[in-house]
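Q: Sequence lines, in order, name chains X and B. For what it's worth, my numbering labels the leading residue of the first sequence as 876, then goes sequentially. For what it's worth, my numbering labels the leading residue of the second sequence as 876, then goes sequentially.
The set of hints was computed from the structure by calculation and includes no laboratory data. Don't take each hint at face value.
One copy or any two copies: either way a pair holds, since identical chains are not told apart in the list.
Unchecked claim - Calculated cross-link-like contacts (lysine to aspartate or glutamate; reagent style EDC-like; alpha-carbon spacing at most 20 Å):
1) K948 with E1034
2) K956 with E914
3) K948 with E1003
4) K948 with E998
5) K948 with D1027
6) K956 with D1056
7) K1078 with D1056
Protein chains: 2
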Amino acid sequence: MSQHIGILVEAEPGPGILHQLTGVIARHGADITSVVIVEARRTYFEMDLEGDPDALIGDLSRLPIVHRVSQEKTFEAVFGKRIVIMGGGAQVGQVAIGAISEADRHNIRGEKISVDTIPLVGEQPLAEAVRTCARLPRVEALVLAGSLMGGDIERAVREVRAQGLLVVSLNMAGSVPAAADLVVSDPVQAGVMTVMAIANTAKFDINRLKNRNF
Amino acid sequence: MSQHIGILVEAEPGPGILHQLTGVIARHGADITSVVIVEARRTYFEMDLEGDPDALIGDLSRLPIVHRVSQEKTFEAVFGKRIVIMGGGAQVGQVAIGAISEADRHNIRGEKISVDTIPLVGEQPLAEAVRTCARLPRVEALVLAGSLMGGDIERAVREVRAQGLLVVSLNMAGSVPAAADLVVSDPVQAGVMTVMAIANTAKFDINRLKNRNF
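Chain X with its partners taken away, still in its complex shape:
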């Protein structure tokens, strides 16, 4: 049975290092699920491994470029699922209040949900941020918190929904609400509902809602 492990490697900096490290990992048949280059000298891997972590750690340590290798807790174990809230500062703050309070209640019961935010203004920066969310690890839902959003932001919302992200929109002017999975008027409730929708500890199932506007 494979296990999911975290490995931190301290090594010489520079081009080609990742290629050498991943070569050792590939020879152990491990499937890398996440890589973080913390700084030029420290690289952190998460992987599914069938064999013995100590054998892999030993082989990595024997590379001449490597100074130190240690096993660490995985991000999934520490930070869990993420929701991202973006838009105008006033509304993002209120959605965050709801989401953080609700995440707290689920995390106490064993869930791991973190709440990330980015206050942003303008159609192009927001559309880019929406699209970028689909490339961030562990993101399950996105909340658009503002007063007017449309145009390319609407297209970005449809793209990331097609890639599996849940998108919640505040009730606002523009075409974004019509493109979202769920539209909520109260920002605090929008944050709460988004967390409920991704929490395994909640009874809320967005697919069973007849009304998607609140």
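Please build the complex by placing chain B on the supplied structure of chain X, with the hints as guidance.
A: The following block gives chain B in isolation, referenced to the frame of chain X:
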């Protein structure tokens, strides 16, 4: 002159893929600064590259395992610096309100600051989350928001400060405030000050403060 670029690769899933992709990137002399395995079939790289991105994209595309390669906006360009707020839900929410409002004001003037939160309870989970922050990309500051924190959380705070993170603590019971760079009683002000401390658009310099308790 080298440029910082983002490259998204769609390829066959499975062990060894990252080793093949990084081999091509190493041959182009690029220094990889960030990797995100979005899902098994989609891997996103950021790198500093001296040469022509199109030549690299062409060589990656010619690998038999690769289906599609595209150039994308970098995370740094979209999400920028991060601050992380962790602790009890009530206090984390209030610190977030301050931090998000202040980040909004700086982001309008050209900064890129995002505000991430995780509501968490218990000494061991919090100590782990503090230590894990030092392995997350783009994190510059950490706010500990609670009513009682000490023991292993204090040790974790000293470790991540030694690794270069700025740590702000609410005024609270336990030994964490004494280990922090800055102690603030009002949670909204704690969020605002943390953003000011990392914003290039702010005049605030924590090293010039005579008093570190507010």
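Q: All hints, please: hold or fail.
A: Results for each hint:
1. Taking the shortest alpha-carbon separations for K948 and E1034, only the inter-copy value of 16 Å comes in at or below 20 Å, while the best intra-copy value is 33 Å.
2. Proximity of K956 to E914 under the C-alpha cut-off of 20 Å is restricted to the inter-copy arrangement: shortest distance 14 Å between copies versus 24 Å within a copy.
3. Taking the shortest alpha-carbon separations for K948 and E1003, only the inter-copy value of 8 Å comes in at or below 20 Å, while the best intra-copy value is 32 Å.
4. For the homomeric pair K948 and E998, the shortest alpha-carbon distance between copies (15 Å) is at most 20 Å, but the shortest distance inside one copy (38 Å) is not.
5. Taking CA atoms no more than 20 Å apart as the test, K948 paired with D1027 passes between copies only; the shortest distance there is 16 Å, against 39 Å inside one copy.
6. For a Cα distance limit of 20 Å, the shortest separation of K956 from D1056 inside one copy, 19 Å, qualifies, whereas the shortest one across copies, 29 Å, does not.
7. In this assembly of identical chains, the alpha carbons of K1078 and D1056 lie at most 20 Å apart only when taken from the same copy (18 Å versus 42 Å across copies).
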